[in-house]
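Chains A and B, in that order, give the protein sequences.
For my numbering, count along the first sequence from 1 and bump the result up by 3.
For my numbering, count along the second sequence from 1 and bump the result up by 3.
A portion of the hints provided could be inaccurate.
[Stated by the list, open to error] Here are some chain B residues the structure puts well away from chain A; computed CB gaps all over 12 Å:
1) ILE156
2) ASN215
3) GLY264
4) ASP305
5) LYS314
6) ASP339
7) ASN355
8) ALA426
[What the hints assert, rightly or not] The calculated DSS-like cross-link candidates involving lysine-lysine, where the alpha carbons are at most 30 Å apart (straight line), are:
9) A/LYS386 <-> B/LYS314
10) A/LYS127 <-> B/LYS121
11) A/LYS124 <-> B/LYS386
12) A/LYS281 <-> B/LYS281
13) B/LYS172 <-> A/LYS178
14) A/LYS124 <-> A/LYS34
Keep in mind the hints are simulated off the structure, nothing from the lab.
Predicted, not measured: the structure shown is a model, and the values here were computed from it.
Quick reminder that beta carbons are idealized off the backbone N, C-alpha and C, glycines included.
2 protein chains.
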Amino acid sequence: MQLSSASQDQLQQWAQELEQQYAGIREQGLKLDLTRGKPSADQLDLANALDGDLGGDYRAPDGTDVRNYGGLDGLPDMKAFAAELFGVPAGEVLIGGNSSLTLMYQQIQFAWTFGVGKDGKAWKDEGTVRFLCPVPGYDRHFAVTEEFGIEMIPVPLTENGPDMDVVEKLIAEDKSIRGMWCVPKYSNPTGCIYSDETVDRIAALGKIAAPNFRVMWDNAYAVHDLDEALPLANIREACEKHGTLNSVVQFASTSKVTFAGAGVAFMAASQENLARFKQHLGIASIGPDKVNQLRHLRLLKDAGALRAHMKQHAELLRPRFDAVLEALDTAFGDSDIAEWTRPRGGYFVSFNSRPGLAGEIVRLAKEAGVVLTPAGATFPYGKDEQDRNIRIAPSFPSLDNIRAAMEVFVVCVKLASVRQALAS
Amino acid sequence: MQLSSASQDQLQQWAQELEQQYAGIREQGLKLDLTRGKPSADQLDLANALDGDLGGDYRAPDGTDVRNYGGLDGLPDMKAFAAELFGVPAGEVLIGGNSSLTLMYQQIQFAWTFGVGKDGKAWKDEGTVRFLCPVPGYDRHFAVTEEFGIEMIPVPLTENGPDMDVVEKLIAEDKSIRGMWCVPKYSNPTGCIYSDETVDRIAALGKIAAPNFRVMWDNAYAVHDLDEALPLANIREACEKHGTLNSVVQFASTSKVTFAGAGVAFMAASQENLARFKQHLGIASIGPDKVNQLRHLRLLKDAGALRAHMKQHAELLRPRFDAVLEALDTAFGDSDIAEWTRPRGGYFVSFNSRPGLAGEIVRLAKEAGVVLTPAGATFPYGKDEQDRNIRIAPSFPSLDNIRAAMEVFVVCVKLASVRQALAS
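Generate the whole structure from the sequences, applying the supplied hints.
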């Protein structure tokens, strides 16, 4: 379907066919959902052994009784596990509760309210404070910065990560920038992996940015490869080289390894950052759930076991991604109406329609019984200036439901596109 | 031992004996701890069935797959459980993570940063803001308000709760007061239960206080009776009567029911308060650990089963409290050098020495190998103006260790008191 070169007659014929197809779909009364990056029940089953895997033995390897109070930053063995995942020393790791989003929120909250590091002023006392937001990006990141009134500046996300020419220029020119959101591996939603050069240039930002500038490095999909395990450059090593260890705070979790709502979250940061973080965390918390940490250690053991576990996830996820890509290839492979990413890991496919159509496609799909992530959700303040990006999340529905939903999606995209072409 | 009527000779003789006893104790190289309100390993054993009690069935009674994301305010059945405990409608309950302290922190954080209710200004925008703190009280409460720069005003805690004449007068006179900390049943550390009249007068404070005034009602020991279950008046009913439902926020948890570090925390508040709270919580969290909620529901079932479970805790705690009280009765029953409480539940005994001696007693005990809660910890900013209150926490050590620690404590109190009498 090439709209640019199609005649008016051809467009009208397509429109007629598509209106009919769409009406037919609406009559089916479907109820399908491609919205959130939730694991499927099959994936969750992979970690069912968590319940009961302690066998009544609540002693951690270091002797800690995990049932009682204590241990603000987590069990030593869980720290060692997370440190290996991050590629940092265990002394730079803190174990949280069930949500890395909460750790990110706390990092922002503490920085805004109390300041970061030894000499950093609280952001709230610095007038207007800004964050760089590679787009398309993750709505829940943007919601955190918006909550504290931090102004968000969109930055283009390329195949190699944020456009670093833009990032460096903005930071050099605008002294109010205090951070940047990053999902460096299998970025949400495009699936790109930051290139080695990008990682290095991000690590170097600490040399030109304010002393209380912090990169929020959300490595949510560190081991979430669909096929082979692809590498990501070690940002901590790059920071060490540049002398900017305080400028990056890393986050990850087992939410998409074990149980989405009952996993273990962790962060990695410089000793100085961590000391400041713990000073405030200790007021807000009696410490994280160490029983759940021990359960996870028993199940996941080490990096090798973790990798084997993630291969089972990949087996379940790959056909779902394939179903989405097949539907898009078949419908739009030979068209001028859409483009999309081909991620090799993570949880999303990022889809771009012709400008001005994302909202309309989401509306059409919804009325036909297929719920999509709201248009604009992948941009700060929910504003996609071009109104074209849609995040497709294929992990949760069954394969049949994905295929059925994608059929609807394809019709909606075509219908909206042809209608637009006719009206222009 | 009556110091007031003792002759100088008698005092000197006592001093000599006590110095000798103390020196003897120091030689023993003891390592004992009476500091924190932690359950003993025996108590934690009572909930060991939590691990594995799901038997692989991760469906909540309402059909929720507890492993996945979702459910910001908790499982419906857990809400019903907590609602019964609080004596409030289930629609006024929110289930949190493993720490009620975190829920309290969030309540303060949201109120300070964003405001409470519809018309309430953020506390941070109101200049100096103050909190009433019944003393002696709980150091972690005071730490939260201190963290946000909220000025704390100590208020005397009587046998019936806070001195309400003082509380009402302060609120009427000082328009900057925005809240009050309360542990209404088996108060930390005195063990008092607020009287029906006190509860009613606290509920009525909303009529004279600022619209964004909030009582922090930490019902940490709601079912933690050492003997018979003693009643506490229902603050929610009192608030309804006075038309002040928004003025009180309640907190509780299973930390001292199941696992101290891996229990389930909950709060109860008006629909309006809860809506505002959830609006901010939804930015900071992916939702609480629902798997742990389901585990708890399977173990604790209902109010009847909970009560039976708590009786087992009482069996373990009662002899420990008895050991403390016996030591105090024997040493000071017929003296003019100390007074202490006789709690019928909770986790602490509150001890008052002669003025000016608490810090010295804690120091003497520490040098003799017995760690006590730091003197002053039960007061805002750690400042006990009279330097006389010491919190004794007998739950965690073994019975033998409590007896040994109390022997040391008694000698330290006597020694400090006699030395003071000799010096005056």
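To see whether the hints hold, each was checked on the structure:
With a closest Cβ-Cβ approach of about 20 Å to chain A, B/ILE156 is found to remain outside the 12 Å limit, as its non-interface label requires. No beta-carbon of chain A is positioned within 12 Å of the beta-carbon of B/ASN215; the least distance is around 19 Å. Residue placement check: B/GLY264 does not keep its beta carbon more than 12 Å from all beta carbons of chain A (closest about 5 Å). Once the 12 Å rule is applied to beta carbons, B/ASP305 is consistent with being away from chain A; the minimum gap is 22 Å.
Residue-level check passed: B/LYS314 sits 20 Å from the nearest beta carbon of chain A, beyond 12 Å. B/ASP339, annotated as away from the interface, keeps every beta carbon of chain A farther than 12 Å; the closest lies near 37 Å. Non-interface status of B/ASN355 relative to chain A is upheld: no Cβ of that chain comes within 12 Å, the nearest being about 26 Å off. The Cβ of B/ALA426 lies farther than 12 Å from every Cβ of chain A, with a closest approach of about 39 Å, so its non-interface assignment holds.
This hinted pair does not check out: A/LYS386 and B/LYS314 have alpha carbons roughly 57 Å apart, beyond 30 Å. Taken as a hint, the A/LYS127 and B/LYS121 pair is honoured in the structure, with Cα atoms around 23 Å apart against an allowance of 30 Å. A distance of roughly 29 Å separates the Cα atoms of A/LYS124 and B/LYS386; the hinted pair therefore holds under the 30 Å criterion. With a C-alpha separation of about 25 Å, the suggested pair A/LYS281 and B/LYS281 falls inside the 30 Å cut-off, and the hint holds.
For the suggested pair B/LYS172 and A/LYS178, the alpha carbons sit about 49 Å apart, so the restraint of at most 30 Å is broken. For a cut-off of 30 Å, the pair hint linking A/LYS124 to A/LYS34 is broken: about 50 Å separates their Cα positions.
Checked against the numbered hints above, the structure breaks hints 3, 9, 13 and 14 and satisfies the rest.
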